[in-house]
Amino acid sequence: MPSLLVIMIFLPAIAAVALLLLDPQATAVRARWVALLATVATFLVSWGVAAQFLALPQVSETARGPVHPQLVQRHTWLDLSQAGPHSPGVKLEFFLGLDGISLSLVLLTTILTISSVLVSWTAIKDRAAQFYACLLILETGLIGVFCSFDILLFYVFFEFTLIPLFFLVGIWGGPLRRYAAGKFFVYTLAGSLITLLGLVSLVVTTVQANPGLTTPFSIPDLANTLAEHPLTPTVQFTLFLMIAAGFMVKVPLFPFHTWLPLAHVEAPTAGSVLLAGVLLKLGTYGFLRMLLPMLPDACLHTGLPLIGAMASIGIIYGSFCALSQNDIKKLVAYSSVAHLGFCMLGLFALNIEGISGGVLQMINHGLSTGALFCIVGMFYERYHTRQLNELGGLATKLPLMGVAMVFTSFASIGLPGLNGFVGEFLCLAGMFRAGDGQGVIFSALGAMGVVLGAWYLLGVVQHAFFGPVHLPAEHHGPGHEPIADLNAREVAALAPLLGLCLILGLFPQPLLDLIRPDVEAVAKLYGNVRATNPNAFMHASLNNHASQKNLPSVALGSEVRP
Amino acid sequence: MDFEALFKQFLSGDVAQQASILRSLTIFLPELVLSCSIVLMLVARLVSLDRIIPTHWFALLGGMASFVIVLFQFWEFGNSQTVPVEVFTGLAIHDEFSIFFRGFLTFFLVFVIALTVLTGIPDDEDAPDFYSLLCGAVIGMMLMSSANHLLMLFIGIEMASVPSYAMTGFLKGKRRSSEAALKFVVYGAGAAGVMLFGISLLTGILGTAQFSELAPRFQAVFASHAGMQDPATRCVALALLMIAVGFAFKLSLVPFHFWCPDAFHGAPAEVGGFLSVGSKAAAFALLVRLTTSLAGDGSGALSQLSLSCGLGLGLIAIVTTTFGNLAAYSQQNIKRMLAYSTIAHAGYMLMAVSALLVLQSVQTDLVFQGNHQENGPRAMEGLLYYLCVYLFMNLGAFAIVALIRNQTYSEEIDDYKGLAQQVPVLAICMAICMFSLVGIPPLGGFYGKAFIFASVYEATNVHWFMWVVLAAGGLNTVISLFYYLRVAKTMCMDTRPADAVPVSMAASSSPALYVMLVSGMVVFLGIIIDPLSKVALHAAHALF
Chain F
201 MPSLLVIMIF LPAIAAVALL LLDPQATAVR ARWVALLATV ATFLVSWGVA
251 AQFLALPQVS ETARGPVHPQ LVQRHTWLDL SQAGPHSPGV KLEFFLGLDG
301 ISLSLVLLTT ILTISSVLVS WTAIKDRAAQ FYACLLILET GLIGVFCSFD
351 ILLFYVFFEF TLIPLFFLVG IWGGPLRRYA AGKFFVYTLA GSLITLLGLV
401 SLVVTTVQAN PGLTTPFSIP DLANTLAEHP LTPTVQFTLF LMIAAGFMVK
451 VPLFPFHTWL PLAHVEAPTA GSVLLAGVLL KLGTYGFLRM LLPMLPDACL
501 HTGLPLIGAM ASIGIIYGSF CALSQNDIKK LVAYSSVAHL GFCMLGLFAL
551 NIEGISGGVL QMINHGLSTG ALFCIVGMFY ERYHTRQLNE LGGLATKLPL
601 MGVAMVFTSF ASIGLPGLNG FVGEFLCLAG MFRAGDGQGV IFSALGAMGV
651 VLGAWYLLGV VQHAFFGPVH LPAEHHGPGH EPIADLNARE VAALAPLLGL
701 CLILGLFPQP LLDLIRPDVE AVAKLYGNVR ATNPNAFMHA SLNNHASQKN
751 LPSVALGSEV RP
Chain A
53 MDFEALFKQF LSGDVAQQAS ILRSLTIFLP ELVLSCSIVL MLVARLVSLD
103 RIIPTHWFAL LGGMASFVIV LFQFWEFGNS QTVPVEVFTG LAIHDEFSIF
153 FRGFLTFFLV FVIALTVLTG IPDDEDAPDF YSLLCGAVIG MMLMSSANHL
203 LMLFIGIEMA SVPSYAMTGF LKGKRRSSEA ALKFVVYGAG AAGVMLFGIS
253 LLTGILGTAQ FSELAPRFQA VFASHAGMQD PATRCVALAL LMIAVGFAFK
303 LSLVPFHFWC PDAFHGAPAE VGGFLSVGSK AAAFALLVRL TTSLAGDGSG
353 ALSQLSLSCG LGLGLIAIVT TTFGNLAAYS QQNIKRMLAY STIAHAGYML
403 MAVSALLVLQ SVQTDLVFQG NHQENGPRAM EGLLYYLCVY LFMNLGAFAI
453 VALIRNQTYS EEIDDYKGLA QQVPVLAICM AICMFSLVGI PPLGGFYGKA
503 FIFASVYEAT NVHWFMWVVL AAGGLNTVIS LFYYLRVAKT MCMDTRPADA
553 VPVSMAASSS PALYVMLVSG MVVFLGIIID PLSKVALHAA HALF
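Line order of the protein sequences matches chains F and A. So the first sequence is residues 201 to 762, counted in this note's numbering. So the second sequence is residues 53 to 596, counted in this note's numbering.
For the record, the hints were derived by calculation from the structure and aren't laboratory data. All residues carry an ideal CB built from backbone N, CA and C; glycine is no exception. There may be inaccurate statements among the hints.
[What the hints assert, rightly or not] Straight-line distance between alpha carbons at most 20 Å, and here's what the computed EDC-like set of lysine to aspartate or glutamate pairs gives: (1) A:K469 - A:D582; (2) F:K724 - F:D421; (3) A:K226 - A:D282; (4) F:K724 - F:D713; (5) F:K383 - A:D175; (6) A:K226 - A:D176; (7) A:K235 - A:D314; (8) F:K325 - A:D175; (9) A:K226 - A:E177; (10) A:K586 - F:D421; (11) F:K291 - A:E177; (12) F:K383 - F:D421; (13) A:K469 - F:E581; (14) A:K224 - A:D175; (15) A:K224 - A:D314.
[To be verified] Facing chain A, according to a computed beta carbon distance under 10 Å, are these residues of chain F, among others: (16) A255; (17) L393; (18) L658.
Could you build all of it, start to finish, from the sequences and the hints given here?
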């Protein structure tokens with residue numbers, strides 16, 4: 201009997217294969233019910249996995265390395281050591297597991313997939329079986345990335361997500377879909393090839409320095425080894441740039457973001473939801489999993505200034521681009537560039553507040569932007585336009601949708617009481633006390649982004665939802681239902697996302713507690729690295745002291761995990 | 053050796069490391085079985101037996117029988133302490149490496165015959181000719197993979213090439229097919245002549261044509277010579293260059309690739325699939341055998357030889373992949389596109405050989421695998437794994453082309469628009485093959501490429517030029533994405549034009565099952581990689 205974890209990963213793929221093989225000509229009705237059933241089942245299984253995970257006894261801080269997965273499943277996949285007695289037992293593994301960070305991202309994925317099935321309910325009529333099969337295969341890939349703790353397995357899942365997404369965008373997307381799909385594919389593949397080279401080099405150099413390491417492809421073992429025997433700064437620098445390349449494209453950071461607006465706009469609603477909600481997190485997750493624990497020196501001395509600068513430019517630039525858009529979907533897409541900038545600022549603050557904020561912001565962005573894309577899809581389905589200048593006073597016609605939009609926008613802006621606030625605040629606060637003064641500049645720039653964010657999102661709300669009523673003529677053919685407010689299905693798609701936005705805004709503590717051990721373990725590395733430089737150490741500890749006064753309840757919270 | 057001695061050897065004993073003729077014949081059994089089935093097919097036509105039993109059964113059974121025999125030999129090698137032996141007085145060699153390739157080729161033969169049966173090329177009238185050519189070519193390729201002598205090398209290549217010429221021109225009524233065959237023959241004859249001259253030069257200087265003797269002789273002859281000023285050195289360089297021309301022709305490496313697109317365009321898709329996999333595999337086997345025996349243990353003068361050969365091949369590999377990928381980009385005909393893709397893939401595989409030679413040129417301990425004796429086999433393992441995956445993905449692509457051609461009579465990419473709506477099976481399988489050709493995980497092509505790039509990466513420790521090779525490999529992967537994706541896009545994303553010829557194929561029909569089997573193997577080799585890579589490594593060890 202395979203464990204729940206394995207079931208959770210492969211259940212959607214099995215459903216997809218069943219959908220394709222058993223009934224390739226299935227009607228849209230049957231296909232979407234199968235898909236809904238499969239995603240809900242996966243969601244339930246993921247809660248089962250979460251329950252298993254939470255029931256585990258707490259691991260003491262000394263017994264764990266920087267990366268410490270639990271519920272581990274390890275099977276040898278390819279044994280490279282067969283050659284002879286001289287070579288070390290290097291092997292690739294099916295190494296699946298979960299830690300707090302990946303668990304929270306897995307839950308996000310399973311929730312968002314249900315919503316994306318629900319929003320495609322009536323929008324997808326063409327080749328529905330294949331559409332839902334692609335969606336389900338994509339879900340398997342996404343969950344797989346978060347659960348794999350072998351470098352090559354991680355990369356395999358990471359790349360594999362491209363294939364279903366390519367078809368989702370390319371077949372069911374907007375008018376420029378083929379171009380968008382191709383561009384997206386080529387960009388990300390080019391980036392991730394460099395990442396692959398970097399990862400292999402990382403493994404090879406580590407083995408070279410530590411011949412005793414027999415499982416260099418396992419992320420926890422590699423991180424343990426590197427924590428004890430760090431690589432030299434120059435090597436770290438080169439490896440950092442190589443590995444970061446693919447993740448930078450995926451996130452996307454400022455100069456590499458050009459594939460994103462196009463792909464988001466052309467993708468079908470479900471594609472945009474998953475693309476923004478989860479796919480982009482693969483990049484930030486990659487940074488968090490591969491770079492922060494492995495190459496502390498490079499992250500501190502190269503990553504902090506470089507990524508910090510790229511992220512803060514991205515925040516400002518993305519916000520201004522969003523401001524100037526007429527197409528609401530494109531506006532939301534550019535807002536993703538800005539929000540992911542906050543994530544990266546948080547992660548590269550390299551302290552507990554920052555990294556927790558970064559992880560929290562990943563979840564928040566998934567929820568709020570996912571919901572925004574859902575709403576955009578919903579009124580596009582009704583009015584067949586997303587242009588700001590063609591829409592006005594939607595709220596009078598569709599009051600429920602108006603409520604949802606206002607709520608989501610506030611969450612996305614970061615209004616206190618909603619989730620965006622907690623995440624952005626922690627990211628900026630973390631960055632503020634990082635990096636000897638430069639952090640102040642980055643966080644100041646980031647804070648400007650919050651204002652700009654309020655500007656463009658409230659602009660949409662005001663213009664499209666509350667302005668004078670100005671809607672396109674309802675030029676529907678016969679047989680079309682009259683335009684009505686959100687129906688039960690659409691409410692069901694949005695409600696979980698909005699509910700979570702509220703819950704995480706009011707009670708972020710359980711989530712913070714869930715990720716705290718893993719975040720602390722990573723942040724501890726940077727305590728050590730800083731300690732080598734006495735001035736910086738003084739600085740950091742002073743700040744540490746100060747921040748503990750200021751942020752006790754939010755960032756550090758209760759000392760024991762429930 | 054007088055007659056009596058020869059007879060004695062025939063009957064009784066093995067000379068040191070050499071099998072008696074009788075034992076050689078037993079080892080040669082797979083080839084003999086194939087030859088017998090050729091004779092049977094031809095005789096069957098004489099007595100009109102082929103009206104009762106279709107000819108392809110003879111070929112199919114012959115192919116399967118010889119595959120089973122090779123499997124048995126493999127099992128024998130794995131179980132007992134059988135050591136590699138030279139057979140037929142040293143002309144050929146019987147080791148794990150040759151068993152691997154003979155198994156590969158006979159397995160492939162079975163798949164090709166099955167495909168031709170499904171697509172109906174050739175018709176009943178021509179079947180005996182076609183299958184005897186096919187089996188003959190495979191025998192030649194098997195000889196290539198077990199050659200241990202420069203003469204055997206030449207005989208093997210010719211024996212594989214001549215039937216290929218005829219098969220290329222097999223669609224006798226078509227001008228394009230005849231033209232393709234003619235180009236192929238002229239090119240092939242030219243390359244063979246140059247190669248033969250190179251062989252004679254090499255034999256003349258080193259005084260031997262035996263592979264195992266090449267390295268020691270080279271060591272002895274060039275122990276005192278140094279530099280290109282020396283006429284003997286120049287002569288050897290020239291000889292190697294000429295031999296390389298012959299190989300470049302067989303492997304369709306730039307600048308000897310011109311025949312390839314035309315031949316593939318003109319030939320039936322089944323033959324294209326056969327040539328692109330079979331003759332490539334055999335030529336790589338032979339190339340690896342020749343170069344590793346030339347490189348020897350990489351000491352003294354051999355080190356320099358091995359390094360310069362490796363770097364030269366690396367340069368050719370870069371040019372070949374880049375050219376193949378760029379040229380494939382603008383093709384409208386799918387067979388032409390696949391021909392250029394074949395050229396590009398030959399380049400990737402050549403990178404493995406290049407890495408192998410560069411790694412062999414040093415004797416210091418390198419990283420990763422621990423000791424330097426492991427690096428060569430690793431590079432080989434990558435090449436062998438790549439070839440195995442390549443068998444399935446390329447054969448799958450050509451099979452789909454042939455099946456669609458049977459219904460639409462067209463091989464233009466534009467006519468594939470929206471096939472996903474009519475034959476989802478073919479479209480999905482084609483997409484799998486295309487993505488695997490790019491090298492996207494978790495399909496088999498990814499691991500083949502990853503193994504090869506890993507060994508090139510290893511070789512960067514020896515010479516900086518390998519970084520260039522590595523970068524070119526990575527960049528080319530991205531370039532290749534464009535044209536492979538175009539096929540997937542055309543098939544899966546466009547809508548089928550109203551006036552297009554409809555295609556229909558039930559998912560449970562035998563052609564569909566065949567295609568699913570082949571592309572299923574591509575997926576399988578991407579998920580379960582351990583067994584095959586073990587076998588490949590085992591085979592690779594035979595060479596070192």
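Here's how the hints hold up against the structure:
Between K469 (chain A) and D582 (chain A) the CA atoms are separated by roughly 38 Å; this puts the pair beyond 20 Å, and the hint is violated. Taken as a hint, the K724 (chain F) and D421 (chain F) pair is honoured in the structure, with Cα atoms around 17 Å apart against an allowance of 20 Å. This hinted pair does not check out: K226 (chain A) and D282 (chain A) have alpha carbons roughly 53 Å apart, beyond 20 Å. With a C-alpha separation of about 16 Å, the suggested pair K724 (chain F) and D713 (chain F) falls inside the 20 Å cut-off, and the hint holds.
Between the alpha carbons of K383 (chain F) and D175 (chain A) the distance comes to roughly 45 Å, so the proposed pair goes past 20 Å and is violated. For the hint linking K226 (chain A) to D176 (chain A), the alpha-carbon distance of about 18 Å falls within 20 Å, and the restraint holds. The straight-line distance between the Cα atoms of K235 (chain A) and D314 (chain A) is roughly 8 Å, inside the 20 Å bound, and the hint therefore holds. Between K325 (chain F) and D175 (chain A) the CA atoms are separated by roughly 44 Å; this puts the pair beyond 20 Å, and the hint is violated.
For the hint linking K226 (chain A) to E177 (chain A), the alpha-carbon distance of about 17 Å falls within 20 Å, and the restraint holds. Pair hint K586 (chain A) plus D421 (chain F) does not hold up; C-alpha atoms about 25 Å apart against a cutoff of 20 Å. Note on K291 (chain F) and E177 (chain A): the hinted pairing is violated, with a Cα-Cα distance of about 54 Å set against a maximum of 20 Å. Taken as a hint, the K383 (chain F) and D421 (chain F) pair is broken in the structure, with Cα atoms around 36 Å apart against an allowance of 20 Å.
Between K469 (chain A) and E581 (chain F), the direct Cα distance comes to roughly 28 Å. Violation of the 20 Å bound is thereby established for this hinted pair. With a CA separation close to 12 Å, the supplied pair K224 (chain A) and D175 (chain A) stays within the 20 Å bound. Distance hint between K224 (chain A) and D314 (chain A) is fulfilled; the C-alpha atoms sit about 16 Å from each other, no more than 20 Å. At its closest, the beta carbon of A255 (chain F) sits 31 Å from a beta carbon of chain A; the interface hint therefore is violated under the 10 Å criterion.
The criterion of a C-beta within 10 Å of any C-beta in chain A is met by L393 (chain F), whose closest approach is roughly 5 Å, and the hint holds. Because the smallest distance between the Cβ of L658 (chain F) and any Cβ of chain A comes to about 38 Å, over 10 Å, the interface hint for this residue is violated.
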